[in-house]
Amino acid sequence: MVSLEIIGIQSTTLAVVAALTGVGLVALALWLAGLISPRSFNPQKGEAYECGIPTRGESMAQFKVGYYLFAILFLMFDVETVFLFPWAVKMRALGTDGILAIAVFFGILVLGLVYAWRKGALEWK
Amino acid sequence: MYDLSVITKWIHELLMSFMPGWLATTIECVAIGVALLLVYALLALFYIYFERKVCAAFQCRLGPNRVGPMGLLQSFADMFKMLIKELITLKNIDKFLFALAPYLVIIASMLSFAVLPWGKGLQIIDFNIGIFFLIAVSSIGVLGILLAGWSSNNKFTLIGALRSGAQMVSYELSIGLSVLTMVAFAGTMSVTGIVEAQENLWFIFSGHIPAIIAFVIYLIAGTAETNRGPFDLPEAESELTAGYHTEYSGMHFGFFYLAEYLNLFIVSGVATLLFFGGWMPLHIPGWEGFNQVMDYIPSIVWFVGKAIAISFIIIWFKWSFPRLRIDQLLALEWKYLLPINLFNLVLMVLVIVYGLHF
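Residue numbers (our numbering), protein chains in the order written: chain A, 1 to 125; chain B, 1001 to 1358.
Because the hints were derived from the structure by calculation, they are not lab data. Glycine included, C-beta positions come from ideal geometry on N, C-alpha and C. Treat the hints with caution; some may be incorrect.
Listed below are the simulated EDC-like cross-link pairs for lysine to aspartate or glutamate, each with C-alpha atoms no more than 16 Å apart in a straight line [to be verified]:
#1 K64/A <-> D1232/B
#2 K64/A <-> E123/A
#3 K45/A <-> D1078/B
#4 K1091/B <-> E58/A
#5 K1335/B <-> E123/A
#6 K1091/B <-> E47/A
#7 K125/A <-> D1327/B
#8 K1318/B <-> E1196/B
#9 K1095/B <-> E47/A
To be clear about the criterion: a stretch of chain B counts as covered by chain A if any three or more of its residues have a C-beta under 8 Å from a C-beta of chain A, and this derived list gives those stretches [claimed, not checked]:
#10 1170–1177
#11 1339–1353
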């Protein structure tokens, strides 16, 4: 196992540092842009650009329910992938028992995919 | 191979020798943050130039050649232009979420950027679950894109964001599964561990057929994940103006632009890490002299070189394939890549169990 320390700082701290750097980059660039960018006022400017012509109708339009379907499918498969990760790391140590146990789990995962496929959830209608 | 952690350790001991521990740690954290920021910005600038030049070469054009020698300063000019554009405040938007979206996108790419192994002893975040952490943080970016599209109060951005959400979420599954395949092969999730396991032979060579399948799937999914190439329908300019960032102006738009290029580097970097040995030089078992010559090339050159070579392939995709339709895109993922990926995982387990790998 590798040590978690680089030059004496924990990696968790460094993850926070990286996230703060991201915030810093956005804040800094926006501040700079605010300093040197021109500013002019016109009521027309506040309108949505959309495709260049004046907006018509409601902007929060209805969208296809199909997007939700894929989101739910993703949730199912992604969580199952997450469960497979710890096994993948310890696969050699767990041996045959581990592989048999995960084969059952994997079979259920594949059954889920087959069911969704047969039900037509993977079609974009 | 020269171990770069010698330098960082030396700096650490130098700082600790004449100041209290908390101050030294703070200074180191700030230094790491500044270094991260500089490398991030410089790489983004390089990638803008690189992509434009490569695209130009594919279309038999010259590409940027006016600003600076060979157009090298073009991307600096681009960035400066972005900075001096006005940040327009729109009327009917959700102001808080609209402003929050670029932060999320940049934080996601910055965090995954920090996990990459740059060279021997030169890595910022080194968890023992490194690659898992990378998958986790890179998915924050989807939230940023969804928020950007939704808060803009615009039909096209909404459609663009939803397409992008469906696409990134779907292809993340493929990325996760091909990473899982390689994690099973390496037996560790730590980035350092994965790189060190490839000292004698890179995984793409030692992993037999499943490693090659995993690499191809990773490359396709990675292209989709960065909204590039044939999968750029979230920002299909002929259908949706500019997709989810239509309403963003000036530097606000710049962040999405920046994150997109950096995500290209991150995807290539992870491919390098998983399949091409990270910063490990090319070693061929048995060729002692060759291996020693390869060892003289610094590790950072190996990593960046390999990552840029993979980026070149991803840019190449863009000019080789026509854009997919949303139903084709989802069918490709759920009906082809996902079953192949699941099958590939079984194949990998068989390869490991029977010791068929090299």
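Query raised in the report: Would the pair K1091/B and E47/A pass a check requiring their Cα atoms to be no farther apart than 16 Å?
Result: Cα-Cα ~6 Å, so holds.
Report task. Starting from K1335/B, check that the Cα of E123/A is at most 16 Å away, please. Result -> With a Cα-Cα distance of about 10 Å, the restraint between K1335/B and E123/A holds, given a limit of 16 Å.
Report task. Given the hint that K1095/B pairs with E47/A, test it: the Cα-Cα distance must not exceed 16 Å. Result -> 14 Å, holds
Query raised in the report: When you check the alpha-carbon spacing of K45/A and D1078/B, does it fall within 16 Å?
Result: Distance of about 23 Å is beyond 16 Å: violated.
Query raised in the report: Within a Cα-Cα threshold of 16 Å, do K64/A and E123/A meet the stated pairing?
Result: 13 Å, holds
Query raised in the report: With a cut-off of 8 Å between beta carbons, are at least three residues of the region 1170–1177 of chain B near chain A?
Result: Check passed, 5 qualifying residues.
Query - Hint consistency between K1318/B and E1196/B [alpha-carbon to alpha-carbon, up to 16 Å] - result: Violated - the C-alpha atoms of E1196/B and K1318/B are around 33 Å apart, more than 16 Å.
Query raised in the report: Given the hinted pair K1091/B and E58/A, is their alpha-carbon gap at most 16 Å?
Result: Roughly 15 Å between the alpha carbons, so the hint for K1091/B and E58/A holds.
Query - 16 Å Cα cutoff - pair K64/A, D1232/B - result: 19 Å, violated
Query raised in the report: Holds or violated: K125/A with D1327/B, Cα cutoff 16 Å?
Result: Status holds; Cα separation ~8 Å.
Query raised in the report: Per the coverage rule (Cβ-Cβ under 8 Å, at least three residues), is the region 1339–1353 of chain B covered by chain A?
Result: Check passed, 7 qualifying residues.
Against the hints set out earlier in the document, violations occur for numbers 1, 3 and 8.
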